[in-house]
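> These are the residues of each chain, in order.
4 protein chains.
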Amino acid sequence: MIRAILMTHPLARGADVGVLVRCVEECFECAAACTSCADACLAEDDLQELVACIRLDLDCADVCEATGCVALRQTAGEVSVLRALVESCVIACRACAEECEKHAEHHEHCRVCAAACRGCLQACQDLLATTR
Amino acid sequence: MIRAILMTHPLARGADVGVLVRCVEECFECAAACTSCADACLAEDDLQELVACIRLDLDCADVCEATGCVALRQTAGEVSVLRALVESCVIACRACAEECEKHAEHHEHCRVCAAACRGCLQACQDLLATTR
Amino acid sequence: MIRAILMTHPLARGADVGVLVRCVEECFECAAACTSCADACLAEDDLQELVACIRLDLDCADVCEATGCVALRQTAGEVSVLRALVESCVIACRACAEECEKHAEHHEHCRVCAAACRGCLQACQDLLATTR
Amino acid sequence: MIRAILMTHPLARGADVGVLVRCVEECFECAAACTSCADACLAEDDLQELVACIRLDLDCADVCEATGCVALRQTAGEVSVLRALVESCVIACRACAEECEKHAEHHEHCRVCAAACRGCLQACQDLLATTR
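Residue numbers (my numbering), protein chains in the order written: chain A, 1 to 132; chain B, 1 to 132; chain C, 1 to 132; chain D, 1 to 132.
Among the clues, some could well be false.
Same chains, same names: a pair is fine if it fits in one copy or spans any two.
Keeping only pairs whose Cα atoms sit at most 25 Å apart, straight-line, the calculated DMTMM-like set for lysine to aspartate or glutamate is [as the list claims (entries may be wrong)]:
(1) K102 x D45
(2) K102 x E44
(3) K102 x E29
(4) K102 x E87
Hint data in this document are derived by calculation from the structure and do not stem from the laboratory.
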C-alpha cells in the first residue's frame, strides 16, 4: 500500500523509492509492534521486570510514527529534518531492541518486537545512506 | 506483523482475533494513505480544488491512527472507549472516501486513498459487529 | 496560544471560538496528563494495581490528541467527524477519570490526571452543545 | 499543568524540572501552532505560495508531538533517545520558523507559528544544555 500510493505521487522520483518505501513500512510496523509489546508487557506476571521495556516501547512507537509520516511526505520538505529524525529513529530502535532482547526468551512479544526494531533500524540506516 | 505480535499477547483470545487484526491493519494502512494523499495533493496543479480533500485526509489520518492504537491494546481496557472510537473512525473514513472519490478520476492518489478508506470503514464495521 | 493562533485564522468565526479554544486546550492538556500519569504509574511500588490505569491513560491520550487536532482545524471539515470524535473523547475521559479516581488518594498524579480528564470531558460536552 | 503533574512523579528530580517543564510545554504548544497554521494556510487565497509552509508545519507538528511525549516520560528511559529526538526537534523548528517568517508579514498565523517554533527551539537547546 505504501508503495502503491507513493507511486502515484506527482513528485515521486523512481530511483530511491524502494529504499524509502521500505523505511516507511518498517517505521509503521515497528510503531505497531512497540505499541502491542508495551500492552502485552502490562499483562505479564513479571511486570515489574518489564518497566524499562514498556518505557522504551512507548518512546520507540512515538519516534517511529513521526519518522514514518515525515518520510512519507515528498512535497517541499527539508532533507535535514528527515535525516535528523531518521537518525533519532535509529537510536530509539536500537535502545528498544536491546531491552526487548533481554526478555525475548521468556516473552514472544518481546522477541517479535525486537525483530521489528532491528528491521526498522536497518531500513533507517539504508535510507540515510541514500539521502543527503 | 500485527497478527504475529497479537498472537503472542498473553490475553489474545483466539476467536475474534482475525477481525481485530484486520481492523488494526486497515486503520494503520488508511492513516498512511491519508497522510500520503494530503501530501500528494499539495503538489498538484489544481491544489485549490483539493483543499477539502487535504483537510479530510488529515482528520482521517488522526482518527485512524488513534483507533489502530486503541484496538491493538488488549489489556484491561474499556470496550465502550473502543466502540465509540471505531464508530468515529467509520464516519471519518466515509467522509474522506466520499471527498477522495470526487477527485479519483484525475488523481490516482485520491483513488488509492478512497479505496483504503473504504477498506478501513468495512473493517471497522466488522469489528463493531463482533464487539459489545 | 491556542486562542492567539485561532484568532488569526481566516475562517475563525467569532461567536463560539471561546468554547472551541477551551476544548482544544483541555484535549491537549489531558493528553499530556495521561501520558505523564501512565509513566508515573510505571515507577510506583504498587504497579500491579495500576495496570488498568496505565491502559486507560494510553487510550485517553491517543483519543484526546486526535480530538484536539481535528477540533483545531477550521478549513473545509465535516462537522459529523468532529462530533463523533468529541463524543468518543467524552467516553475515554470518563473511563480514565473513573479509574484514576480509584488511586487518587495514594497517587497525586492520578488525582491530577483525573481532574484533567474531568475538565476535558466538560469542555467536550460544552463543544457538543454548541456544534451541530 | 505539565509542571503540576511532573511534580507528582515519583522520580521527578527537583533541580532541572524547570527546564524540562518548559521544553515539554513549548513542544506541545508548537505542535498545536503548526497544526493550526497548516490549516489556516489551506484557507488563504495565496495557497500556492504556502505549500512549503504547510509541509514544514506538518513535519514540525509530528516531531514536536513525539518530542514532548518522550521528554515527559521520567521512568527508565534512555537519555540518548531523548537527546537525538530533541536535536531533531531543533532542526524541525528552525526549518519551520524560517519558512513561516517568509509569510509573517501577510499572514498573522505564520507570525504566531514562527514565534512558537522559535520558543520551542530555544527550550530544546536549553534542555540539551542540561542533559547528558
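> Okay, which hints does this one fail, numbers in order?
none
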